[in-house]
Structure formats: structure tokens, C-alpha cells
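So the protein lines, in turn, are chains E and Y. When you read off a place in the first sequence, starting at 1, and then add 110, the result is the number in the working numbering. When you read off a place in the second sequence, starting at 1, and then add 110, the result is the number in the working numbering.
Any given hint could turn out to be false.
Copies of one chain are not kept apart here, so a pair can be met inside one copy or by any two copies together.
[Unchecked claim] Heads up, simulated EDC-like pairs for lysine to aspartate or glutamate below, C-alpha to C-alpha not over 20 Å straight-line: (1) K397 to D188; (2) K169 to E292; (3) K291 to D335; (4) K444 to E222; (5) K113 to D197.
Calculated from the structure, these hints are not laboratory results. Model, not experiment: these values are computed from the prediction.
Protein chains: 2
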Amino acid sequence: MSKIVDVKFELKTYKYYKPFHITGSVSDSSTNIEVVVITDIGIKGYGEISPSFRVNGEKVEGLYKLEAAIKESIVNMDVKEYRRIFDVLDKFFATPSVKAGVQYAVLDAFSEEINTPVYYLLGGMKREIETDKTVGIDTIENMVKEAKEIFSEGFKNIKIKVGEDLRKDIETVEEIARNTKEAKYIVDANMGYTPKQAVEFVRVLYKKGVDISVFEQPVVASDIDGLKYVRFNSPYPVAADESAKSKYDVYRLIREEAVDFVNIKLMKSGLSDALAIVEMVKTANLKLMIGCMGESSLGINQSVNFALGTGAFVFHDLDSHLMLKENKFRGKFKQNGSKITIL
Amino acid sequence: MSKIVDVKFELKTYKYYKPFHITGSVSDSSTNIEVVVITDIGIKGYGEISPSFRVNGEKVEGLYKLEAAIKESIVNMDVKEYRRIFDVLDKFFATPSVKAGVQYAVLDAFSEEINTPVYYLLGGMKREIETDKTVGIDTIENMVKEAKEIFSEGFKNIKIKVGEDLRKDIETVEEIARNTKEAKYIVDANMGYTPKQAVEFVRVLYKKGVDISVFEQPVVASDIDGLKYVRFNSPYPVAADESAKSKYDVYRLIREEAVDFVNIKLMKSGLSDALAIVEMVKTANLKLMIGCMGESSLGINQSVNFALGTGAFVFHDLDSHLMLKENKFRGKFKQNGSKITIL
Chain E
111 MSKIVDVKFE LKTYKYYKPF HITGSVSDSS TNIEVVVITD IGIKGYGEIS PSFRVNGEKV
171 EGLYKLEAAI KESIVNMDVK EYRRIFDVLD KFFATPSVKA GVQYAVLDAF SEEINTPVYY
231 LLGGMKREIE TDKTVGIDTI ENMVKEAKEI FSEGFKNIKI KVGEDLRKDI ETVEEIARNT
291 KEAKYIVDAN MGYTPKQAVE FVRVLYKKGV DISVFEQPVV ASDIDGLKYV RFNSPYPVAA
351 DESAKSKYDV YRLIREEAVD FVNIKLMKSG LSDALAIVEM VKTANLKLMI GCMGESSLGI
411 NQSVNFALGT GAFVFHDLDS HLMLKENKFR GKFKQNGSKI TIL
Chain Y
111 MSKIVDVKFE LKTYKYYKPF HITGSVSDSS TNIEVVVITD IGIKGYGEIS PSFRVNGEKV
171 EGLYKLEAAI KESIVNMDVK EYRRIFDVLD KFFATPSVKA GVQYAVLDAF SEEINTPVYY
231 LLGGMKREIE TDKTVGIDTI ENMVKEAKEI FSEGFKNIKI KVGEDLRKDI ETVEEIARNT
291 KEAKYIVDAN MGYTPKQAVE FVRVLYKKGV DISVFEQPVV ASDIDGLKYV RFNSPYPVAA
351 DESAKSKYDV YRLIREEAVD FVNIKLMKSG LSDALAIVEM VKTANLKLMI GCMGESSLGI
411 NQSVNFALGT GAFVFHDLDS HLMLKENKFR GKFKQNGSKI TIL
């Protein structure tokens with residue numbers, strides 16, 4: 111038996127090396143909550159809550175106050191019975207990052223109890239994955255410079271943030287493509303375009319001979335018809351991110367044939383919904399990528415274990431910890447540039 | 111590391127206490143294949159292949175000859191990386207009971223290696239489940255007698271086989287209901303009716319005040335439109351069994367809104383597809399039951415662990431081992447009449 115006796119939340123703030131600018135948002139720092147689940151035999155499981163107000167409507171100062179409610183709801187439960195605990199935590203659906211961080215901490219405690227890494231618990235599908243690195247919104251000149259640096263550091267997949275200025279965005283992607291040949295591009299508009307702008311964007315770039323591996327969330331989250339319109343008019347695969355939070359969102363996206371790709375982020379779904387999304391998307395023969403919010407290495411560890419264990423992802427956008435200043439690396443994995451491997 | 115060094119198949123035949131009669135089939139015995147997966151540190155994982163020619167088109171004499179092909183495909187793989195092995199075994203989709211028994215044996219070996227029961231690996235959702243017991247097709251008098259015996263043995267859920275004679279079937283279910291008040295009934299036609307007969311069946315029984323918890327597979331497996339017609343004209347929940355083998359079958363059933371319930375049998379799906387079906391069906395807000403073919407306690411152990419771990423099932427029809435003569439109980443669980451509990 112390994113019953114939960116305590117759950118602790120601790121606020122941690124990490125500075126970005128450089129302010130991170132995406133459509134409608136600039137961040138200087140990321141404030142997360144470190145979660146520790148403690149069991150009666152002294153095992154500690156760790157997780158991290160990295161909320162996004164923009165995506166989930168969550169504010170860290172409110173989430174932090176849920177410590178007692180979370181503890182009350184799962185205290186005395188056995189971490190081996192993790193699905194029971196996941197079910198209880200599913201009731202915190204309106205604060206999905208809390209659900210995610212606590213669910214992971216529970217699985218981490220179970221993993222420690224049986225001395226088996228989480229990536230094996232989840233299936234041990236891959237031994238190595240490769241993350242992209244992200245170019246935030248900036249001047250064209252600076253974005254091209256940053257993309258070149260990222261590429262020269264060995265990242266083969268580059269994520270490019272667009273969505274605030276159609277003409278400039280087209281020029282930026284074209285310039286980056288010209289300067290980093292053989293890289294692959296995930297272009298993320300973070301809901302910045304109208305459906306027609308999004309189609310214009312891909313058509314112009316396609317005519318210029320630019321290849322885009324994934325075109326992410328071109329339109330606002332609620333516009334599923336718009337997403338479908340872009341999908342059926344885009345030569346590149348179209349992904350849902352902000353539109354795909356819970357498993358119910360993804361169920362609807364599949365039924366409505368609205369996307370080619372789903373971007374899973376544990377902070378939007380928790381582990382419970384993320385596992386369901388993996389199975390649904392694979393069955394529907396669509397593709398998956400995995401992304402992050404502003405996690406430190408502790409939080410990225412969650413997504414890395416999920417990605418290695420399920421092996422479900424074509425692209426991994428797990429780079430927030432590379433953009434944040436941290437004193438100590440806390441992942442239970444090895445990182446060498448873009449390469450992430452099991453211990 | 112715990113790498114697979116050998117896989118062994120052994121034929122085992124079990125006699126039924128009483129010939130088991132369902133629509134279009136009478137069985138005196140069940141011939142299964144015991145699977146042993148052996149790893150380089152001497153761990154043995156056990157599974158059982160219990161084929162159904164009627165449902166899956168599988169013949170045990172052919173399956174038995176796959177021993178070498180199975181061994182060749184998974185030898186040297188590490189049981190901790192079970193999803194990798196599941197993926198390889200998914201290629202044996204045309205022999206799903208082989209896929210099921212071998213996938214389970216792999217998970218059993220992993221479970222032994224880390225000294226953690228499979229039901230905890232899968233989530234530890236439930237500590238106890240309750241199985242029904244089945245009344246095969248016979249005279250009305252004998253069927254009522256058997257139902258009364260089952261009920262008096264403490265089984266609250268009774269499965270009733272129908273499908274060969276509409277008028278007699280209606281009378282049988284009515285009589286059983288009158289003689290076992292407070293029992294719940296899963297009525298299984300095993301594809302025996304036309305869609306209109308099926309609707310007639312439920313309408314007449316409904317008017318007589320008989321309650322049916324699940325009406326299983328009224329029409330032939332391929333008739334998804336017929337299944338949907340029955341669903342929308344039945345006051346009772348309608349389940350797919352023979353229509354729901356792979357995860358792709360279930361994906362289609364969900365999209366076409368054809369059923370209320372899905373009956374998962376590991377022998378139709380293997381563990382890999384069964385896990386996907388659980389997630390899809392729960393997301394779509396439909397219900398699940400779990401059933402069996404002609405498994406001995408070794409094979410029922412697989413479904414029991416799956417059901418306890420995922421906790422996904424409203425009804426458990428895991429009674430084949432109760433109908434077969436066995437020298438030794440081989441489940442890694444406790445059974446007391448209808449009650450099945452963790453060790």
C-alpha cells in the first residue's frame with residue numbers, strides 16, 4: 111500500500127531568456143506550481159502545473175489556492191489505483207493544468223513505488239524523441255536570425271510563431287525557409303487569422319514552394335467550421351491546439367473532420383484525457399503532436415515521459431524549459447540539444 | 111532488461127459441464143492455446159488464446175502453427191516496452207485471439223518483472239467486479255430451471271441466449287423474468303434476428319413489463335444500419351458484440367450512432383484495440399460490457415485484470431471458466447460465486 115497522506119503546492123517563477131511573443135501575448139516569465147504528492151511510506155511524486163490564461167482561462171494565483179481542495183479529494187487514496195485518482199481529479203476539469211500536474215505527480219509516485227519509470231508504465235514505445243525549438247514573433251530580421259541559430263544548434267524542426275500580420279508572416283516564413291534549408295516547419299498562428307486569411311497564407315507560401323509540416327491553429331478556438339474550411343483548402347496538414355483541450359473537444363473535431371493533426375498539451379487535458387485523445391486520434395488515422403505551455407524541466411518531464419511511453423507523436427514541441435532560466439535540470443530523462451532520450 | 115527469448119504455444123482442451131448452445135452453434139468442449147512468454151532473466155508471462163471461428167473466422171489448428179511466426183516477430187524485444195510489442199502484434203489482426211493471448215502474456219511478464227499485478231498497471235480502478243452467468247439455448251422449461259439455479263447461486267445478472275425462435279424466445283425471457291425477480295438480464299441474440307424481428311422482440315417484452323438491461327447483437331455483424339434501426343426503436347440499450355471487433359469497427363459504430371453499448375472481448379480485439387475502445391466509448395458517453403469466448407480460468411484472468419484495472423464496464427460476462435471442467439484454477443484473482451476480487 112502506498113496511500114497519499116499529503117499534497118503540497120509551491121509557487122515557482124522562471125524568467126525567459128528573452129521575452130516570448132506570440133499572437134496577442136508577450137511573456138517575461140512563467141509562474142508555475144510545483145506539486146508534491148507524499149505517501150504513507152515516504153514516497154514523493156512530483157508534478158508541475160503550468161497554467162495558461164490565454165488558452166485555459168486559468169490564473170496561477172487562483173490555482174495555488176486549490177491545494178487544500180486537491181488534498182482533500184485524493185488523500186488516503188492509493189497511488190497504485192491511479193485511474194481512481196484520475197477520475198476524482200477529472201472533476202477539476204475547469205482547471206486542467208491543476209488536474210494535469212496532480213495526475214502526473216500521482217503517476218510519478220506510483221512509478222517510484224514500483225521503481226519503474228513512467229515511460230515504461232505508459233508503454234515504453236520510444237527510447238528517443240526530438241524536440242523542435244520556437245521562434246517567437248519579432249522583426250523579420252530577428253526571426254530569421256533566430257531560426258538560423260536554432261537550426262545551427264542542430265534542431266531540425268523549427269516552430270515559427272505568426273498570426274499578427276499576414277503579409278509580414280508570409281515574408282518571414284519564406285525568408286526562414288530560404289535560410290534554413292532542410293529544416294521542417296511547424297507554423298503556429300495561435301488563432302490570429304480569419305479562415306480566409308489562413309487560406310491565403312498557405313496558398314501564397316505553397317506557390318512560392320515553401321513546405322510546411324504542420325499549420326497550427328489558424329483561427330479562433332471556437333471556430334470549428336473555420337478550422338474545417340482551412341483544412342480542406344490547405345495543402346499542408348492543419349492542427350488544432352487551442353480548439354483541442356478536452357477529449358470531448360477532440361471527439362467533436364474528429365466527427366466534424368475538422369483537422370489533420372491534434373496538438374496534445376498535458377496542461378489542457380491532464381493525463382486522463384490525453385490518453386483518450388491518443389487512442390481516438392490514432393484510430394481515426396489522424397496525426398498527433400505534443401506541445402507545452404511555460405513548463406520548467408520538471409513540467410516538461412511529464413510530457414517527455416508521456417511522449418516516450420505512448421510513442422504517439424510525429425512532432426514534439428517541448429522546448430519551454432530551453433527558453434527559461436533554471437538553476438537545476440529536473441527531468442528524469444537525458445537532453446542533448448534537440449535529442450531527448452530515456453535514462 | 112527483460113528480453114523475450116522464447117514463446118511457447120500449448121494446446122489445451124476443456125470439456126463443458128453441459129453442451130453450450132447459442133444461435134447457430136453447440137459446443138461440447140473448448141480448445142485453447144496456452145501461451146508462455148519467457149524472458150532472459152527467467153520470467154514467464156502467461157496468456158491464453160481462445161479462438162472463435164463463428165466470430166473471428168479462426169481455427170485453432172491453424173493458430174497453433176503460428177508459434178514460430180509469433181516468436182520470430184517479438185523475440186529480443188523487452189517486455190517493459192510493451193507498446194512496441196503490441197504494435198508488432200497488431201499486424202496479426204486477422205488472428206485477433208492470437209494477438210490477444212500473446213499481448214497479455216507480454217504484459218503478464220512485465221507485471222511479474224516489476225512485481226505489480228496487471229490490474230494496477232492498467233489503473234487499479236476497481237477492487238471487485240461481479241460476473242453474470244449464462245443460460246444457453248434449451249427448452250423453455252430447462253432454461254427457466256437453469257436461470258432459477260443461477261439466481262439462487264447468487265448471480266444477480268443473468269445472460270439469456272436467444273435468437274433461434276422469436277415466439278419461443280419471448281416466452282422464455284418472460285418466464286425467466288417471472289421466476290427470478292430482481293435479477294438483471296442481458297439478452298443475447300447472437301445475430302439471430304432480422305432488424306424487424308428484433309424490434310418486435312423488444313416491443314412485446316416491453317409491453318409485458320419485462321426489463322432488459324442490455325439487448326446484445328440482435329442482427330448480423332455486418333448490418334450496421336440494422337443495428338442502428340434496432341437501437342432507435344428499442345426501449346432497452348442495444349449492444350454490439352460480433353459487430354464490434356477492432357477499434358476501427360467501434361469507431362464506425364460510434365460515428366454511425368448505431369449502439370448504446372459495446373461488448374469488448376479481448377479475443378476479438380487484443381489488449382491494444384481494447385484499450386482504444388475503452389477510451390473512445392467513454393468519450394462518446396456510451397456504455398461498455400466485457401465478455402468472453404471459451405476461456406479457461408487462465409484466459410478469464412486476462413479479462414478480469416483488464417476489467418479491474420480500467421474499471422470501464424457496467425456488466426461483466428466472464429463466466430466461461432465456470433462452465434468448463436478444469437483441474438486447477440489459474441486466475442490471479444479471487445472468485446467467490448459471482449464476485450471477483452483482487453488478491
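| request: Quick one: which hint numbers does this structure break? Sort them smallest to largest. | output: The structure conflicts with hints 1, 2 and 3, although it agrees with all the remaining ones.
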